[in-house]
Amino acid sequence: MLHPVPRLKESPSQTAGPYVHIGMTPNFCDLPGVYAADMGSTMINGDVEGERITLNIRLIDGAGVPLSDGLIEIWQADASGSFVAPGSDSVPAFTGWGRQASNADGVTIFETIKPGRVAGPDGKPMAPHVSLWIVARGINIGLQTRLYFEDEAEANEGDFVLNKIMDKRRRQTLIARKEAGARYVLDIHLQGEKETVFFDI
Amino acid sequence: MSGIILPGADGALYQRDRAWHPAADTPGYKSTTFRAPKHSLLALGPTKSEMSGPTFGHEKLGALDNDLIRNFSQDGTEAIGQRMIVYGQVLDENARAVPGTLVEFWQANAGGRYRHKKEAYLAALDPNFAGFGRAVTDENGFYSFRTVKPGAYPWPNGGNDWRPAHIHFSVFGHAFAQRLITQMYFEGDPMIWQCPIVATINDKAAIDQLTARLDRHNTTPMDALAYRFDIVLRGRRSTMFENKLEGN
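If you're matching them up, the sequences are chains A and B in order.
Here the first sequence is numbered in our numbering, starting from 10 and rising by one per residue.
Here the second sequence is numbered in our numbering, starting from 27 and rising by one per residue.
Don't take each hint at face value.
With a straight-line Cα cutoff of 20 Å, these simulated EDC-like cross-link-like pairs (lysine to aspartate or glutamate) come out [stated by the list, open to error]:
(1) B/K64 to A/E202
(2) A/K173 to A/D131
(3) B/K64 to A/E204
(4) B/K86 to A/D196
Which residues of chain B face chain A? A partial, calculated answer using Cβ under 8 Å [unchecked claim]:
(5) T52
(6) S57
(7) K64
(8) A121
(9) S170
(10) I223
Label-pair ranges, simulated between beta-carbon atoms [as the list claims (entries may be wrong)]:
(11) A/I118 to B/K144: 18 to 24 Å
(12) B/E145 to A/V57: 35 to 41 Å
(13) A/E159 to B/A49: 30 to 36 Å
(14) A/E188 to B/S66: 27 to 33 Å
(15) A/G132 to B/R96: 48 to 54 Å
(16) A/S77 to B/A49: 23 to 29 Å
(17) A/T63 to B/Y147: 45 to 51 Å
(18) A/V74 to B/T246: 34 to 40 Å
(19) A/S77 to B/M217: 24 to 30 Å
(20) B/N166 to A/K187: 44 to 50 Å
(21) B/P182 to A/V57: 43 to 49 Å
(22) A/E202 to B/A123: 41 to 47 Å
No wet-lab data here; the hints were simulated from the structure.
Just so it is clear, CB atoms sit at the ideal spot from N, CA and C, and this is done for glycine as well.
Throw the hints in and build the complete structure from the sequences for me.
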């Protein structure tokens, strides 16, 4: 039987709530002394191949108000398009995984490297992208989306996932614009006219 | 193990049953009003990007990371409240243990007060309780921690809404697409059934799945009660050529 019926149901999601920082970024919310550092706060440890970039991701609700209590995790390939090998006991030079809470302006900031291309389900390379997972008060189940780069227009044009978005205008909601200093800026609109495309993965 | 391909080792994840999970827009929980996407989610087949995920083998957990009674103690004094051990197994939908995965948890103190700068509830802080910890599941998928039972607390939703006693959980699994945050409630708490956040879940059986059981067998006599809370993450379908004869 290729597709057996699952025997258990997945535990249902609940909101992370307004105090998610206590458990996930305690140092950020002035609770030092238990963990040496917040997990995921540093993605680069030492010499790493690739272009250093900064991601500025802003969360905005359906009333146009930035979320000052959101939290984003990102997961991405390294510059060669590989994901960190599982089971590694030593600190990886590049973790591929980051976690940041949004600041008073609703912005999370990640210092990372530009990801390489990863093979898509059709065997062709997907455009460089970063996977995002967003939680906050008022979000009952984590929202999954991706960040692409505006200076990869040609790769974006052929990307497996972007091409699944039928309304081409909405593809733009996933593409970060480039600013000076290798800074990529993306607004995530949870709701409304500019609503970001979210995935069921 | 060469020659044996475990079912589900690298198959796609089962589709999430989004009728079992809460919907995005649940008006009884007012904060969802402007934070729920209105467009449908885009169904995306699994790609390498979501079928892989971070591992934390290199993270050194502190000796007290899973002891909330002592991990914030200022002078050796232990936290105030009903002492208890919370433990359970992390499984996937195929009832297979999920070993070596990170479980994080956070909660209010015995009086229902969170140690957070934005929290203004008048119940007192406990100087020796921060309310968070973490653990990595063992080879059989088990985690455990020691804490005090959190109190209920009021919140600005309806005119007189109170959260039931609960502990927040964050679990990773082995794929980014398995990432899950949920809340654990306590068996027999009448406040479960009046909570607008609990009520974002439609199915009573799904709510029951978030309700930890008192486990007298694992209590520490004259010290701490025990509650068991198992967590189920998304499972993987079998791969095409797995050779387990009896299926799974």
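Q: Identify every previously stated hint that the structure contradicts and give their numbers, smallest first.
A: 4, 9, 17, 18
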